Every structure is written in structure tokens, then in C-alpha cells.
Amino acid sequence: MKTTNRRRILVSTMATIGLPSLESFAENQKSIAKPKTFVAVGSFFGWYRKEFYPKEIGKNYTIPKIIAPIADHRNDFTIFSGLDHRAKNGHVGWVNFLCGKNLGDYSLDQRIADKIGQKSRFPSLQLAVGGVENEGGSIGGRTSFTQQKIPLPMMRRPSVLYSQLFVSESDKKRAEYILRSGKSSLDYVLDDAKYLQRNVSQADRNKLDEYFHSLRSVEKRLNQKIESVNDVIAQTDYRLPDSDSDPISSSMMMEAAPLMYDLMALAIQTEAAPVMSLMLNGLGAVFTIDGEALKVGYHSLSHHGNKPEMIRDLLKIECELMKHFNDFLTQLKEKKDAQGKPLLDSTVVLLGTGMGDASRHANDNLPALVAGGGFDHGSHVSLDPNEYLLGDLYITLMNKMGVKANSFSNASRSLNEVFV
Amino acid sequence: MTSATVFTHDRTRNIQLACVLILAFSLAFQSVSGEDTVANENTVGGHPQKTLNKYCVECHNAEVKEGDLDLDSKLSDWSSPTNLKLWEKVLPVISDGSMPPAEKPQPSDTERKMLAKWLDSSLRENKSFGGTLARRLSKEEYQNTIRILFDLPKYTVPLGFPDDSTRHGFNNTGEGLIMSPTLLGAYIKVANQVADELVPVKKIAEESSTRVLKPDDMVANYAAAAKYNNALRFASSGTQIMRSCSWPKRMTVNTSGIYKITVRASSFLPRSRNLMPKEPMLLELRARDLAVGEREMLHRFRLLKTISVASESPQDVSFEAELYEGETILVHWNNSPLSYGGGQNRNLGKHVRKRFENDKRFLAAWQKVVLENSHDPKEGTLFNYGDLRGMSGWEQFKKAIQDKDLDMSHATMDSVQTKKLIALFASQGNVLGEAFAYDYFEKGPALDLHEIRVEGPLRSVDGPQDEEVKKRQRRLFDVPNEALSKEGNVAKLLEDLLPKIFRKPVKSRTIDVYLKMVTEHWSKGYSYESGLHLLIRSILISPRFLYRSLDDGPMDDYDLAARLSYFLTQGPPDKILIDLARRGRLSAVRPSEVDPSKLEYWVLRREAKRLMPTSHSAPMVQSFTSQWLGTRRLDSIMPDAVFNFTADDLDLAKREVEYFFTEMLKTNRPMTDFIDPGFTFTTPAFAEKIYQVEDDKTKAKKDSENKFQKITLARDGRYGGLLGMSAVMTTTANGVDTQPVLRGVWVLENILGMPVPPPPDDVPALTPDTQGAKTPRDLLAAHTTKKSCMSCHRKIDPLGFVLEHFDPVGRWRDKWPESGTIIDASATLQDGTKVEDVIELKRWVLTNIDLFSRCLAVKLMIYATGREPSYIEVKEIEDIVKSNRENKHGFQDIFVDLILSETFRSK
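Sequences listed follow chains B and F, in order. Position in the first sequence (first residue = 1) + 1 = my numbering. Position in the second sequence (first residue = 1) + 3 = my numbering.
Read the hints as simulated data drawn from the structure, not as lab findings. Misleading hints may appear alongside valid ones.
DSSO-like, lysine-lysine: derived pairs with alpha carbons at most 27 Å apart [said to hold, decoys possible]:
(1) F:K402 <-> B:K308
(2) F:K206 <-> F:K473
(3) F:K206 <-> B:K116
(4) F:K142 <-> F:K578
(5) F:K402 <-> B:K226
(6) B:K226 <-> F:K473
(7) B:K221 <-> B:K173
(8) B:K173 <-> F:K402
Owing to the predicted nature of the structure, the values given are computational and were not obtained by experimental measurement.
Whole structure, please, built from the sequences with the hints as guidance.
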């Protein structure tokens, strides 16, 4: 095995945990805070609906198999059935998860990030585990889209996310060098530009004033950045497992997902990113669960054709994914914010999918679950598909996050009346 | 149709442009332009200045300054460009009677004519060519420039890079290209990225180590590989890697270098002779770039070594190979008899046929498993074989073959069942191959991989990225001359590099500034490379790079080269242009061959023709057409499902415009062909779907149905030309219903060149009583009954109505969709001409083709020069248009003449 790697160096230079300290304000802010963070977790092949939806409606439902791993938190989430986007059926369904009816439309996470994320270190983070579908393709497996319909790239290496969240000493040095040298070189650029300005027409001189004005403003900003480069951004004693490289192949989904969840919880705690999405891909990987290799790959299992053995193995995968999700919810409950409140209270977590039934590539009736965020939880809410769309739930989530919106994709109703 | 959309006004349109163009139109319309205007202050009707004083200066003087306008002080100085601009605006309001206001004393017709003539001749006398504000590079120009200058063909500016704002209809005009702190911040970011690409941070090579990869450390997707007896077993030689190959789950190489790779493998041979392979098994090891997706085909990955695996007991084979940063090792069995997936399922059909021929029970069992499992009663359509994949299918097969009562009655090669089974293997190979592979996993032949050891890097090598960097550096920076000092080398480099990047010769003062910057950086202890890095970062935020044509005096050859190049290619001038500029040849003239009394810019003409776009995908074609015709909006329109118009159709519609424009330019078609060409470019399928064109010949050949091609349309018909094109009709609707006002405004602006001004601010929002309105026509009647709307809407609405036969995607319809009323598309045009429908409107435009040509020429000129042409410049354009028609020339001729014009050549 290799003897050194970058991560070891990181370990040695890391201090212990240091949060943006707002504790002193805690006393004054006892009123119910607006949720600060939005997390969307999507599964590529959907969730087996018969074991995701409880048979009973309301609070006293019997726990279905896929929900069982998160049963400890049953009063912190709500299950929705009957909602979808009315999107076309077919293979592309999974990428409709956050963008509604039309593939590539301004996605839920980006609508929220554009509103609340602009002052954060990362307005939004897009993460994926279990391989990336059609990497480099036009849209591929991307699920987050800007207002201009640009699909955002997804980060799939935990180590890259880690190094961005917790900037290493050497990265910091480089950043500082770039800032300082860039700033000192501005004087020379300015000198030459002024010389240029003397020799142009009056109209061009006026136009160039825009440039000088901008340059001065940029210089001020550079100064601020240089001053803050050595501020403690966020540090942690959390360490990624020491290994040769990132678990990025599809077969490594079960290893990668817990790492991503850990890092997401840290990102929430350090207020690094107010909006995050995580896509669980998996593709054709043949997983080993509890020491036993499944007969066929995840993709093949999703085409279960209602065969009991296939469904049994598919449920093993989905339950395993839910165990990871359970650990995430537990962390969000245990970790506290500056006000001493559980992170989950100020975090809205959406778990869902764009694929209704992978076995038939049908994209109706999409399983969805919302946790945290201070909603009144604990129920299974079954909605009439003729009345409501999944976008109505999204409108409510947007409103909860402080985004004023009356419509999302093809929906314009909201669930504000049923979900408070 | 909702009233809200009908009465929406676009207030952003520019009133100034509107006025100038309306004026020009009215002149063109009366066909007075130039010929009967006489430059004489004392023409019939009195003294112009006195008349102005009498009717205008009462309000528009230094004290009252009505409308913030003081005409009194402007009368004396005709040399000031701002005064000229002002008089350009005064002329139309005098000639069309909108000034003085009705309640004030009015000049007589003779007085009006006299004033108009006098203003016209004064404006002509006081030539005002040029005046583009210093333009920074637009976002597209900037990106292209970075790509070309630094040899980074795939470079794209980061997400969130600010967009440019549109003025005068285009996003590359001087007024719109504003600099802001945010934009400059983005330039700095890009400069850093480019510097990192050119002078990358040196990576420290990692120490050598040995990694041992066991079967559990390897990826197993689908049935590409499976673990048997502590080995990873392969069965298929298919070429889609996720279905037939394996690679380490988590090993990637961080340092490009030579690695020693040791592979331990063995062959697993079948008991049956029939299945015994005739040649030794070949194990392929390839380099897998982990950034490449798992659906990719084998040939994308570099072959490292082919190993012959002949022994049934594990044997080690070692070899050395280069692995580059980001790569890992891909394992593939090259010559398995079985292959499926990735488009090779026909082979699977052939392969199973042979197996079935040799074993009837085998055939019967597969028949049972596959045929009895078809869930879909309709044969040949969609089958759901989901549960037949992989081991699940294989276990069903095993059960079947062990079944004593297995039905053997159809187990012959000529039975219907066998034929269907083989066909299914050939069509559903991804699914069935995954199950069939287990036959090989369990019985052989199969190939077993026991271990891979990777030792290294034994020494580092340049990976492809490193090679690229070095090549780029050699091209850009040249090799440092060892005889020269560091300073000497950089001075030489600056002399070479700065003129390229700044698109102009550079004085020694500027070179010295940058040289000083680098030497000071070095003096702080930084390396030679760090100095270069800083240099790139700084040069790229200099106004000399970001702006073009920045210096005093008239346009020089370098500015001309940049203007020509950015106009025609959206990129910086190439070597040829720069060389011509350096020798002062770009503006060279000689007597014209046609008319020796005139001088001709023959080099400019030659270069214009050389750089003229010839492909629909040329940036100029895409950028210009989408802005001129508004087809940029197509991206945000999603036609209602009832129109059966998909996103692909939107794309086809947009491409049709681009192909059409390119053809018009390339083949120098007459300007009238923009309106009635007799052809278009699209796919036969689209032509049939939207234009109801059925071509038997293309229909016969199914392949060509979706191929883009020239399609003949009847002349003097419904379709064809800009006024019968799907993209235009779609972009002027909203995907749901048509909006006659939008279409009317569109025709006025983009075909006739007579934009209507936005309504004045004090017009109250209109809530007409539209109860009982059955058609859009009824709805819009309010426009022509309300006085405040009438003046503009009597120009707009008729043109919109004429196009009502086109639905929101440009397909012909005879009835309005909701009421079912027969569409009445008749209208009376501004000059009193009555037209029945779009066919007659097109005929009218053809007889007034100069209107259209002038409109397009002005748009091209705005796009090219980045400014709205002045009065005198419009006159020059009009002369070009007129002579083009008289000489029966084509679009390319106008295009080139515009480039040769004084307007184009003025800064």
C-alpha cells in the first residue's frame, strides 16, 4: 500500500472543531427560527412503493419495510403518497426529481439557493454517489438546473468535498498567494491603463471610467479577501477513512453514501452551504449486503417484474440506503446549532425520486418524504392525484424556506393547507 | 387568448431607434430619398431658421426647455455629434406632423417640407460617420478569444459569468457592453484559470508503492464478472465496459508514470468438447480514465497489454506500462465465444443458435424460461424480462432443465418457438445475455482473475495533460533562450505575446511596465514560472485586451481587422488579417473593375469573402439570426401538447432559420428570396408535419426522412421565407395561442424596419369590454376604437391578423381553435393596400423589397459596428440597398458592400 497521501497531510494540519461562533446571540433568538438549510436526497431507481407507503393513512400507520430503518424518527417526518409531476414515462424520469414536469427546468434546489444561498460560501452543493450516469453527456444524470436551464455538475468525490469544506493549509497558502500577487499586479495594470486612457477620445475616456471604477471596487474586495483568508473558515476533527482513493465507482455507493451524509451534516453545522442535493445512483452495480452478494445488479433488480426474490433483494438495497439516511437524521438531531437547537429543526430534508416504478419506467405516483424543518410531522399523507401535484409540495417547501412562490412547474396550488 | 397577453407592451424598446427608422422609412416610402432634396437654405417656403424659431423655439429654448430640449442653442454648431443626433430626431417629428402639438400654431405643408429638406441636407453636409462607444468583448467574443489565443478549444467561462445586456436589438453594442465590478471579478477568475492551464502548479510525484488488488477490490456490474472460488470470473467479450469488464473499485493513479503490473490469471475450461475454446484465452489490460462513464465502449480505453492465459492453474505475468493521472486498470477478456450488450446482441442471437443446435434439452429449457415469462400478451412489443436478468434468470433455467417433465416438443431448430427465442436473444440481449453468462460462469469456458499487483510509479512520465501543457507553452512562450537572462527572455516573450493578445502593436512603455512587474515578483523570491503565471493573470485584465479599438484617431487597419473578424467569426483576427494590418494593406484601394472612376477596397473585399460564414453552425449565423429574428426565445417556449411539437422540433425550427440564412448568403440569392424563396431547409419529416409537404421520393427512402436537406416549396404559396417559417411563427406566439400584436410588432421591426415606439407612460392600463368577443380580431377591436391606442395599433394589428393563419408553431389553419370561426386574415396596410392573407402580404413586400433589404442591412450594420447608424450612415445603407436591387445583385453582394462602406470602416 501507498505510504503517504494528501489526506494524511490534512490530518496533521487540522485543528479540532471550531464553529462559526454565534453562541453569544443565542439568548436573544429564542423565537422559532426559519429553516436555514434545504437538503434533497433522490434515488435514481425510485423506492419500491408497496414497501414505502404505509397501508394506513394518518399518524397510526404500520411501518413499511423501507421506512423501518428510520422508524425511530417517525415523529420527525411525513410520508406523501399520490404525488407526481405528470412527466413523461421513460428512462429519463429520474432527472425530473427536482425540476418538475419538464426535464431541465429551473430545479427546486436552485430556486431556493438563488434566494437564500447567495451569501454563503457555497450557495449550493450538488453531490452524487454510486457512479454518474452518462458523464459528460448533454444532461445525463444531472438533476439540478439553473434558471437558464444549465445542468450543474455533480461532485462525487468525498475527498474533494472535504477539501472544499475544510480548506487545507497548503490550499489556503496558494489562495493567499494568488490574492496578494494579483493585488500587487493591479498597480501595474492600472499604470498601463491610465497611460492608455490619456491617449483616447473623450467618449472612450468616459467609457474607460467604468473600467477604473470597477477595478477600484475589485481592489477593495481583494483586500477584504486577503484579510479573511486566514480566518478560520471551519475546521473539524472528522476524518475520511484513510484509503487510496475515493469511492466513486457505482459499486461503491454503499461506502460513499455514509461519507457524503457525514460531510453534509458537517456542512450544515458549519453553515457552509444552505442548499444541498444528493443523488443515489448505483447503476448496474452488484452489491454485497450483510456479507452476501446479491444475485443481480441494482438496475436489474429494479426491473423486478414482481418476482418475489427480486423484490426481496431490491428491498435489501433500499433498506440499506435508508439506514444511511437514518444515520443522517440522527446526526442532524444530535448536532446542535448556535442556539442549542437540533440542526434538524432548521433543516428541511426532502427524500424522493423522479422514478415511480422502475420496473415499468413509469413516472407516476412518486414516493416522497419530508423530514425536519419544524413541520407538524408523524403522518402518512395520501393525496388525490387529481387534486395535487408533487410541485404543490415543493411550493410549500419553498415557502417554508422563505422563497415566495405561487407555482412550481405545472403546479400552482401548494400543500400549505395540509402540511403545516 | 387572454387580454393580459394581448395588451402587454414592451417598454424596453428604444424610442430613439424607432424615430430614426420611422423617419428613414417614411422617406424611403415616398421615394424622395436624396433625389429631390436640395441643399439650399433659401428654398421655397421661407428661411428655415426663422421658421424653426417661429414654431419650435418658443417651447424648446434655454429657459423653457420643453422635453428637456433646447433647440435654440443647437442651431449654430453643426459639427457636434450630439447636436447631429438631436437634429436626426427633430426631422421625423416635423415631417410626420407630430410636432408642434395640435394646440399650438402649425406650420403650413410647404413650411414643413422646406424644414424637412433643410434638415436633410444639413445632416448630409455635416457627415457624421462612426461613433461607436469603446466596446469590451462580449461574453461570446471573450470566450472565443480565450480559446483561440491560448489554444484551449474547450474552455468555457465559469457558471455565473455575467451575460451582456441587449441594446438596439443586439448584445454586442457599445452602449450595452458595460463594465461592472462583478464582471471584472469574473475576468480575474478566468485569468486565474487560464494561467493555471498555461503554467500549472507543479505536482509532487508520489513515492513508489505496491497495491494488491483482490477480486473483492474489483467492480462487478451486471453480469460482467462474478466471484467464483476466490477468483473474479469473466464470461463475455462484449465491448460495453459496464457489461463485460471490471476495474478496481478504488485505485486510481495520482502520478503519471511507469508502473509494474503483475496479473495472476487462469483459464476455466469446460468439460464439454463442443464448448472447448480453440485458441488460448486472451486477457486484455487497458487504461481506464475514471472520468469516462461506464456506458462507454472498450475502444475508448488505451490498450496496455494482451496476455495469453493458457493454464488452468494461476500464473503470474508481469509487464511495465504507462498509467496517467486519474487512470486505473480495466480488465477485459478479448476472445470469449460469448458477447452481448453495447449493440452486439445480434451476435448473441447467432451464438445461442449454435448452442441450441448442439443441445436440445438446453434449448427446451431456455424456451420454457424465456417464452413462458413474457408478460406482455402482444408479441413483438414490449416484454418485461426484468426478472430474467443475471443469476435470477439462470436459476429459473436450472430448475427448468432439471424438470423431468420439461416440454421437449418444440425443441427443434425450425419450430416457431425456437425462432422466436433466438430473435428474443438478439433483441433483448442486454437482459438475456446477463442470464446466459452464468452458463459460462458455471460450466466454462471462462477466465479467472486472481490478483493484480500494481507497483510504482517506477518513474514519472508526462501524461497527456502534461504533454498538452508543454505543447501549448512551446507555441505560446517559445523555448527560453539560455543565452539570455530571465529578463531578456521575458522581454522577448512580451514583445511577441502582447501584440497578439492586445490585437495591436505595443509600445515599449507598456512592455516595460509588465517587465517591471515580473522582475519585482522574482525579486521577492518567486520562480520564473510564477512570474509567467502572474503575467498571464495581469495581461488578461488589461483594458487593452478587454476592449477593442481603444486609441485616438480614426480607425486604423488593426481596428478594422478586429471589427471584421469579430463581426464574421466572433473571434480575434487571425494571422493573415494581422499581417495585412501590419503592412497597412487591409484598407488598400484600387480603381474598381466595374467603375474605374471609383476606388475599391479590394483587400477588404477579399478578406470579407474569406471569413464570411459558410456553415449554419458558424457563431455569426447563430448569434445574428437568433437576435435579429428573436429565435433566441425558442429555448424558453414549450408548445402545448395539442400541437405535437417537441423540443426536437423546436431545435429543427431554429436550425431551419440558420441553414436558410447561410444558403442565402453563400449562394448570393436575391433579397426577394428572403420572402419568397421556393425552398427551405429542414427534414422531410418536419416539412410534412408542419408545412404539409409530401415528397414521394424522400418518403421512399426511409433513411432520409430525418436528414436535414433542401426542400422545395411552391413559390407564391403559404410557406417559405421568413413570413412562413415555423421558428418565426413559434417565437412570436407563446406556445399556447397566437398573439397578433406580437406578430405585428415583429413584422414591423424585423421585416419592414419600422419599429413602433413603446406607448407613452401616461396611457392608462386598458381593460376593454370584451364580452361577446369571438375571435382575436374582436378582442383587439378595442385597439382601433380607443384613440390612445389607434395611432400605433392601426399599424401593428393588421400585420398580426394577416399571420393568423399560422398556429403557434407555424402550421396552417383555416379556423380559430376555440370558436371554430373561419379565420379572416384580411387587412389594410399603412399605404392603403388591401391584402387577403399572408400570400398577398408577401407579394406586397416583394414589390417593396427595399424596405426589407434596408431593415436587414441596418440590423447587420448594428451587429457589426456596435452602434445605431446615424442619419448619413442610414443614407449610405439605403444607397447600397437601392443599387443592389437595380443591378439585380444578391444578399452576399449587399453583405460585402456593407463591409466596404464608410459606415463599417468608421470607428
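Comparing the hints with the structure gives:
The suggested pairing of K402 (chain F) with K308 (chain B) holds, with an alpha-carbon distance near 16 Å, which does not exceed 27 Å. Simply put, K206 (chain F) and K473 (chain F) have alpha-carbon atoms about 15 Å apart, close enough for the 27 Å limit, and the pair holds. Distance check on the hinted pair: K206 (chain F) and K116 (chain B) sit about 39 Å apart at the alpha-carbon level, beyond 27 Å; violated. A C-alpha spacing of about 23 Å is found between K142 (chain F) and K578 (chain F), which places the hinted pair at or below 27 Å, so the restraint holds.
Simply put, K402 (chain F) and K226 (chain B) have alpha-carbon atoms about 70 Å apart, too far for the 27 Å limit, and the pair is violated. Restraint check for K226 (chain B) and K473 (chain F): not satisfied, since their Cα atoms lie roughly 33 Å apart, outside the 27 Å limit. Simply put, K221 (chain B) and K173 (chain B) have alpha-carbon atoms about 20 Å apart, close enough for the 27 Å limit, and the pair holds. For a cut-off of 27 Å, the pair hint linking K173 (chain B) to K402 (chain F) is broken: about 63 Å separates their Cα positions.
Hints 3, 5, 6 and 8 from the earlier list are contradicted by this structure; the remaining hints agree with it.
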